[in-house]
Structure formats: structure tokens, C-alpha cells
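Chemist: Each protein sequence line maps, in turn, to chains B and C.
Throughout the first sequence, residue numbering follows the numbering used here, covering 383 to 1007 in sequence.
Throughout the second sequence, residue numbering follows the numbering used here, covering 383 to 1007 in sequence.
It cannot be assumed that every hint is accurate.
Because identical chains share one entry, a pair is satisfied inside a single copy or across any pair of copies.
[Claimed, not checked] Taking lysine-lysine pairs in the DSS-like style, the calculated list, with each CA pair at most 30 Å apart, reads:
id, residue 1, residue 2
1, LYS953, LYS986
2, LYS684, LYS720
3, LYS720, LYS915
4, LYS785, LYS720
5, LYS785, LYS631
6, LYS631, LYS684
These are calculated hints, taken from the structure and not from any lab test.
Protein chains: 2
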Amino acid sequence: MRITDLLFGRPLPTSEERAEHIGPAAGIPIFGLDALSSAAYGPEAALTLLIPLGLGGIHYIVPVTAAILILLTILYFSYSQTIEAYPHGGGSFTVAGENLGDHAGLLAASALMIDYVLTAAVGISAGVGALISAVPSLQPHTLGICLGVLALLTLVNMRGVRDTGVVFLVPTYFFLGTLLVVIGVGVFHALTSGGHPTPVVAPPRLPSLTTTVVSWWLLLKVFSSGCTAMTGVEAVSNGVMAFRDPTRKNARRSLTVIILLLVILLGGIAALCRIYAIGATNPGSTGYQSVLSQLTAAVMGKGWFYYLTIGSILVVLALSANTAFADFPRLTRAIALKGYLPHVFTFRGRRLLYSWGIYVLVALTGALLILFGGITDRLIPLYAIGAFLAFTLSQAGMVLHWKRRGGHGATARMLVNGLGAVATGITTVVVLATKFVAGAWVTALLIPCMILLMAAVHRHYRRVSRETACPDPLQVTNIHPPVVVIPMDRWSRISAKAIRFAMSISPDLHVVHIDSPDVDHGRDELALMWQEKIVEPLRAAGMPEPTFTRIQSPYRLILMPLLEFILAEEKQHGDRHIAVLVPELVVRHWWEALLHNQRSSLLKLLLLVRGNQRIVVINIPWYQT
Amino acid sequence: MRITDLLFGRPLPTSEERAEHIGPAAGIPIFGLDALSSAAYGPEAALTLLIPLGLGGIHYIVPVTAAILILLTILYFSYSQTIEAYPHGGGSFTVAGENLGDHAGLLAASALMIDYVLTAAVGISAGVGALISAVPSLQPHTLGICLGVLALLTLVNMRGVRDTGVVFLVPTYFFLGTLLVVIGVGVFHALTSGGHPTPVVAPPRLPSLTTTVVSWWLLLKVFSSGCTAMTGVEAVSNGVMAFRDPTRKNARRSLTVIILLLVILLGGIAALCRIYAIGATNPGSTGYQSVLSQLTAAVMGKGWFYYLTIGSILVVLALSANTAFADFPRLTRAIALKGYLPHVFTFRGRRLLYSWGIYVLVALTGALLILFGGITDRLIPLYAIGAFLAFTLSQAGMVLHWKRRGGHGATARMLVNGLGAVATGITTVVVLATKFVAGAWVTALLIPCMILLMAAVHRHYRRVSRETACPDPLQVTNIHPPVVVIPMDRWSRISAKAIRFAMSISPDLHVVHIDSPDVDHGRDELALMWQEKIVEPLRAAGMPEPTFTRIQSPYRLILMPLLEFILAEEKQHGDRHIAVLVPELVVRHWWEALLHNQRSSLLKLLLLVRGNQRIVVINIPWYQT
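Can you build the whole structure from these sequences, using the hints too?
Modeler: Here is the structure:
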């Protein structure tokens, strides 16, 4: 076990769990990482759709970003209210489930699960995209590097929550610092040069096409892709209880700073792309360079600062994938606690983690990365729907929450959350419609499937719990020793042990032997043996004799006649347990098991499948010395 | 089960088995098939080695064949004596084992098993070779056709012995008839044309090389390959008991006819190849044509008679592979009955067959065909060793048999079998030496491996039988009810059932609950439940109360603390059985099992592995309604 300790850390007792109590400064990297890192792929996703328009397309990034920033502001006010109302954590699953009913909760749960898996996949693929922009020769190995990062994240996370918190702080601040410097310097150059700064390293030239007829439909698609920049803003509201007192205030302060920073990043990137004429390049093909890489190189040149920026983007995106590792298992646990997912999601492993949530997340993320070749652009169409559906349900739930609570200011609050619900609801519809063919149909199909699955799981658990519930105390009357059936092939220490054990639990023994015509040795011996080895000593001691049944098996089957005998005994003794003794030889090495027929195991399986409430299997192991 | 009945026939009870009682006329096809069909590949195998010598090489086939025929005559007299001495079947395994000891028996067994697998593989590949000679366009599909024939043979054989006997008669007589006609007509033409007949269809011209320096080594190799023509002559001696009275006389009569026919076939083929200047063609390459195909075409032309001949060769070779299907399972059964192979080889399936022998034969034959691409020529070097080793051991065993029996004529008989042993022994050495590099090393390596394996199997069975043997009658004293351990997670109908069953078999109950810090619901409830649901009704009835142990599990493990508790109980009660009750929920559909932790199965496995003679597992199933 030393090597697992080395890899995953020593096992942790539950008593070592501690509540985190963090302030707003630590709250920004921990809960803001997911949202802020979206700035690294959101604008790029929008610009990628503008590639066919060439140089003329760049103009549209500014109004589209403006629309996104308005939506972000609405979300800010909405979620501030959620923080206030749910100081113990107001995830969409909780808010929608509590206020809109179980079905809305399941819908939110499905949307969120898909969203988290995509957060992990997009975070990794976008981070690797940044790396490839800096080191283009790695481009053919995109998928391999993506899976390597996934493996590394898995390893880090299997060590557990305690060790991952600290890792967040430094790279997030580096990411924010470098990007803000780039934006600041870029804006300064733009102002001092009258809006036409000279790039230090010129970005790839965009073709200036003459036919720039832009449809509304295209702009809606650009908007939909850009909306991926908003994913993750709900994180603070999920984790309010992690803040130190005054909890709500600290949480809201963190949210304010995070949204403000996101607005600066998105706005700055959009403006500079417009000014420096930076467009997206074709993802997945050689010569690909991410928008942030072009931007940094244009503003700052390709010196150490460039590599520091790209490095921090890579790390932050990988860590944003990490937020899925923290949130997905918590979500599946919450769903499992309500009985909609297998109970196994509620068990914590040796390092206090919900291990099964991590396994499932890693499997799904790996599958997504492989299916889409680790290319962010191909994953984007699947992404935003889950997030916006969850936003909508959460905000709609909040409207009902305020309505139910009533009192002073309830109407104003309903209006704020209502605006949020309507805005995100419209966005959800827009995203679904514009991205449907490109991949959103996958998400649209998965969500009802998952809901059906969870409903089936719930039905099963409810039925089992109804069936096994026992309101009455133990019944102490009418307890009879079981009828014991002992299959015996010959007299041996194994059968002697079985009979002695049977005698110790019941006076009612039925020994049965299957006469296969193929085993002709000892057929008469058997009767003699029975008399001599079993009947005589029992008679001498004045003890009850077992019955002895020999069944002819013309077709040489052993197990089926045995099963029929057992079922017949069960019918005959309508109110008693039938205990079937299954002696089993336990060999010393696994290969030796091949030398023995697997009748014991088969009989046990057969009795489990064909048996019923009154048939009990007693396994008598006989260990080879 | 209807579809299996259709494919494999209805199941047969043992009572429907009947002894075959055949005369010499039926004995020739049934026991001669393997030997006679060897004429279809033996001469060809010899000629293939003479290809490099061109036209000049053909001359050497006559003296080599003469040597083979002398050896065959010696074998005839040897085996006549074996028939006399072993009227109940004198296979090499029996004769060598009885007279030379277990080790020689194992050696013969290994040699024979390999021989049978090669009989199947060579029979199929040579038959397909004949087919390809007639229809050259099938050449690229050699392996596929080989595997198809194997599948067909498997299917026919899974239907059982009764249906396969008749199939033998017709094609064997066709095979003999057509080939004898070819040889007769050929010899007639040769005589009437003064030794230089004109072929109807000229065989491919052989190059007349000037440098025909022939080494003795090459001739020994040719002889070794030609010896494959002798495989199968032992079949009559194995199956003497199948003949009707007078058994030995009928068997010997069959043997005489079979050897005589084989001598005519081999001698005739060799002579005609020499006269018509027919050599082998390169096997496995395009343009390949088997020697018998060339010969038939040269003598009779490519009319309907040609296709009849080739067709009967194909069928007979496939059927000769079939003899392996009859003999291999019988051999493995005989070995398994002596405890050198797993017992499973002694069980007969639904159609009275030793199914496992067939499975193993099919798997090994298929593997050989795939490894060697279904090319006969590549299989030949592996082939003859097994057969000749078995011949040698059998004849050597016969020498000791006569010596032991003594009496009138024993010395003469010892001389005959001694000559056979020496001749086949020398041949074995020659074959091994000349074919070693070409593939005989595989057989030479396999034989000791198989002997070691069989010895290990035997050791295991002997140890188990020694350990489980029970000479004493049942001990009826000192029988105490077991200590019953009941793991319980909560009060339910499942635990109620478990406790009631435990009360029915013992007054000594120990209920144990593992307190995992993660399952915090109902921790105090549990104590209350224990008092209310279990203790109070028992107290009221004046019955003994079970002990109740709660174990804290800081690392959230359930099974390990449970196992430790059970092992501690076992230590404490040094002379009693510990019965562990494992309640198990049996779901209605397999997928529902995924929704429940597999703790019951794991606990059962853990107890089997870590448990000991005094720990018994009682499985209480609880069926979902």
C-alpha cells in the first residue's frame, strides 16, 4: 500500500475534515477561477465564427461583447440575491428543486452534470490550445497532451481537497495580473497612437473581403458562442458557506470583484482585438494561434512576458477544469442523497473524496476529449446550454422563493430575479437554436435521457425502501429450525464437516446424492458407506437419522435434479426455511481452481436466481492445507 | 433450447448408449481412414523436399518409398501382436503405462495428444490443398476455408458419435476406388507404352538440373517427411473391442487389408510419379497443385473422373481429421480418469460426448491452422514425431508385456515387437534430428511441458484426495450450535429476517453495526431501534438477547472492521463454528444490481479468502417482489 500512499497520500479519517473559512481575497481565485478563465476561450469562440468575414468581421465583436456584458450584469444582480437567500449554498439543483419541484431539480441536475463535464473538457482543451499557440510543433499531439493533463488533474484530485486549495491562488493572480497589464498597455498604446497602435509582433493578416453581408443569424451564433465566457459565475452562490463571517457579505464582495474583473477582461479583449485587427485562426489546423496569444504578442512582443502570460493561461485553464473535479462529485452526491443516483456516489474514499463522482467525471471528460479530438471549438456548441439552462431554472426558482417568502422588498427582488430568468431563458433558447446542428442537439438529447435514468433510479430505490421497511418489532414466535439439505457426492472430511455443522443447527437433515450413470465407481459403496459411516454412529448415540435420497440423473446433469429436489422440499415444508449446505473446496492457488468443477459456485448462483425467500444458502468452506 | 436441439440434436440419456459391433468390412473405413488418407499427403511431403533437385529428384522417391514400406510391414506384424494381447483396446497410453510405468505412459499421452491435434490440422489443410489444386482461384482463401471446415467438423461432432459412423463408409470406398483405378490405369499405360506413357494432361515441367549431388542428409529428411504416410496405423489396435466376435480375428483381418491397401497406394503413387515425371509444386504459392491432382490429371485427364477423385480426397482428408475428434476426447478422458488432467474431461455432455476434449481439440487445431496459415507443408515437420514416439513406446511396452507373460512363443513375439520398437525408435530419432530446425523442436519442447503440467495436476489431485479422505465414521459428540454474527446497517425486513433465521439455528447471536462517520442519519435512532424493535420483544418472551456491538470506523471502511470483528470472535470461541449471516438483496433486473453496493458479494469473497475452517457463511437472500 506504500505506493498508493505515495501517489494519493495517506488515508484520512473523517475527523480530520475541517471547514474552510475563507475571506474575499482567497474567495476570488477559488470561486472566480472558473468564471475568469472563461475569458480565455469565450471571445475566441465568438471570433472563430467571424473568420469567414475576414477583416470586416472584427467590427462585430464589440457590439456582441456589449450584449454579453449586459447579460453578465443582470446575472450579477440575480446571483447577489441568491447569495442572500441561500447562505448554506444555493446551487441550481437546490434552488430549482426546492422552489420549482423535483422535476425542475432533475432538469437542473442534468444540465449541471453536463455543464461540469464540459467545463473540465473545455478547460483542458483551451489550456492545451494556449500551449500549442506558444509551441506550434506540439500541434499534432493535441489529444495526447489533453489526456495527459486530465491524468495529472485526476492524480492531484485523488489526493483530496486539502492539498488543492493553495494551488489556486498564485496562478490565478498571475493570470489576472498579466492579462490586465496586456489590456492596460494595449489601451494606452491605442490612446497615444490615435487608435492605430503598431503591433510589436504583427498578428496574422486577415483577408479584407468585399462581400461582408452579415445576417442576424450569424450574429446570434457569435453571441451564443461568446456566452461561454459567462459559465462559472454561479460558483460563489454555490459555496457561500465556505466564507468566513460575515458570510453573505464576504461572498457578495467576492462576486462583485469577480464580475468586475470579468467585465474588464472581456471588454478589454474585445476592444483590443478590434483595434489591433486580431481575428481567430482555424482551430485544429497547423498555424493555429489562440486570440490571447496573438493579442499578447501584438501588445508586448514575444519576450519573457509573453511566455509568462501564456503559461499562466495554461495553468489557470487546467485549474478551471479542476473546479469540475470539486463540484461534480459534490453535485452527484447531493443528487444521490435524494435517491436519484446510485448510493455509491455518497461514499467517501480514503482521502475524504466522493471517489465515484471523480471516476465518472474522468471517464466522461476523457470520452469527450477523445470524441472531439481535444479541439475547444468543437466542444463549444455543446457547452453553454447546460450552464444557461441551470441559470434560468435557478433564477426562476428564486422568483418563486421571494414570492413564497413575501414581505418587504419581495416584489423588487422578484423583478431582479425575474429579469435574470427571462434574460438567461432567452439566451438558452438562442443558444439551443443557433447551435443545434453544430452539436447542441447532443446536449438536448442527453438531458432528457439523464432525467429518465435518474427517475428510474429513484423509482427503484423507493420501491426497495417501501418493500424492506419494517414498522413492526421483531416477531419472536413461530421460530423453527430450518430443513437442512446436504448434497453429498461421497464420504469425505468435507461431507463429514457439512453433516456435523448441519446437526449443530437443526435436527431435520436431508442428505441427497445425484446418481450420474457416468460415475459408476462406488454406487454400492455409497449405500454401505451411508450405513457404516453415518447411520450406525448416530443410532448408537440415539440421535435422529438424516433422510437419504438418491436421485437418478439419466442425462448426467447434477445441478438441475438437485435444484428440483430443493424446490420440492421447499414446497413440502410450506412454513420453514430450507437451508442448503454447499460445501466448497478452497484451493491454495488460483490455477488449482481450474482443476475442480465449479459446481459449488454454480449451485449458489442457481439458488440465488431460482430460489425464493425461504431458501437460504450455507457455504461450508474446506480449506486445503 | 430449440435452436441448440436443431444444431446439436436432442440431449441423450446414458441408457441410449450402445456398443458398436462391426465386422471387418465396416472396420476398414472406420479404423483405416486415418492411415489410408495419409497416402494423400505422405508422398507429397517427401516430394516437396526434392523440389530443389528438379527432374533428377524424382528418381529418389522410389527407394525412399521402399524404405517406408519395409517399416510399414514391420509395424504390421508388431500391431497384429498388440491386437492379440489387448482385445479391450491397446492404445499407446495404455500399453506404455501398464508395461513401462507411469512416466512412459505420460510420455506416450503427451505424444499422442500432440499427434491427434496435428492429425486434425494436417487432415484439414491437406484436404483444402486438394480443393485448391482443383480450383486454383481459391488459393488466397486457404486459411479461411480451413477454419470453415474445422467449424463444420465441430458442429457434426457436437451431435455425437451415433450420427458420424455412417458418413465414413461411402467416401472412403470412393477414395480407395478412384485412386486404385488411377494407379491401375497408370500402370497399364506404362506397361503398354514400354515405360514411357503420354500424359493426358501434362504435369508442370520439372527443370532438369545438372548438379544433382544428393546428400544422405537430404534423403533422410525426405524419408522423415514420407513417414507421415504411416500415421494412423495404430487405430485398429486402439479399437479392437468395437469389432464383433471373433473380435481379435476380425480386427486383425481389418488391419491386414488396411496395410495392404496402404502399401498399394504408396507404392503405386511413387512408381507413377517416377514414370510420369511428377514432382511437387511450391505449397502456399500461386500455381500450387497437389501431387495426386497432377497424377490423376496425367493418367485420366481433367474430366468428371478427375473431379470425383479430388472430391473424394477432400472429403476423406476432412474425415481423417474427424478421427482426431473421436480419439482425442477418449484419450483425454483416459488420462483424466487416472488423475493427470482436470476431471472435467471425464464428463459427458448432453449428446454423450466428452465435450471438454472437443473444445480443447478445436481450440488447439484452430490455433495451429492460424499459426501455420493452413499450409500442410509447414505442419509436416511437427507431425511424425508424436506418432513415432507413441509407436516406439507402445512396441517397447509390448516387449515387456510378452516377457512378463512368458510361456510358449514369447521369445518370438518379443523379437517381433522388439524389431518394431527398434525400427520406430530409430525413425523417431531420424525424424527429430532431420526436422528439428524446421519445426520438430516445437513438438520436442511441448512434450516435456505437457508432462510437467500433467504431473502437477496429478500431485494436486493426490494431495486433495489425501487431505479429504475420511476413514473414520461421523463423530457425533461435541456438537455445539455455532456463534452467529449478524452485520446490520439498519432495522428493516431484511435484518428482521436475518435475526429470525439466526434465532432458529443458535441461541448465541452477535449483531454488529459499523458506524461510519459519513452515515450520520440515525446514529441515535439505532440505539433506540435496538431497544424497541429487538430487545423489548425478546425480553417480553423471556428469550436470550443478542449482543450488540457498534464499531467506529474513522476511515469509513465497512468490510475491514467487520472482518476483524469476525476473526476476533473466531479466536475467542476456539472450538466452535462462526456462522456469518450475509443478508443480500436480490434485485429483479441485472441493471438494478448496479444501484446497490456489492458489499454482500465482497464480504462473501473476503471471508472465503481470509476465513478458515471454522468460519461458515450463511447467505440470506431477500427477493424484491
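Chemist: Would you mind marking each hint as holding or not holding in the structure?
Modeler: Against the structure, the hints:
| no. | hint | result |
| --- | --- | --- |
| 1 | LYS953 x LYS986 | both (19 Å within a copy, 28 Å between copies) |
| 2 | LYS684 x LYS720 | neither (53 Å within a copy, 81 Å between copies) |
| 3 | LYS720 x LYS915 | between (59 Å within a copy, 27 Å between copies) |
| 4 | LYS785 x LYS720 | within (25 Å within a copy, 86 Å between copies) |
| 5 | LYS785 x LYS631 | within (23 Å within a copy, 108 Å between copies) |
| 6 | LYS631 x LYS684 | neither (42 Å within a copy, 102 Å between copies) |
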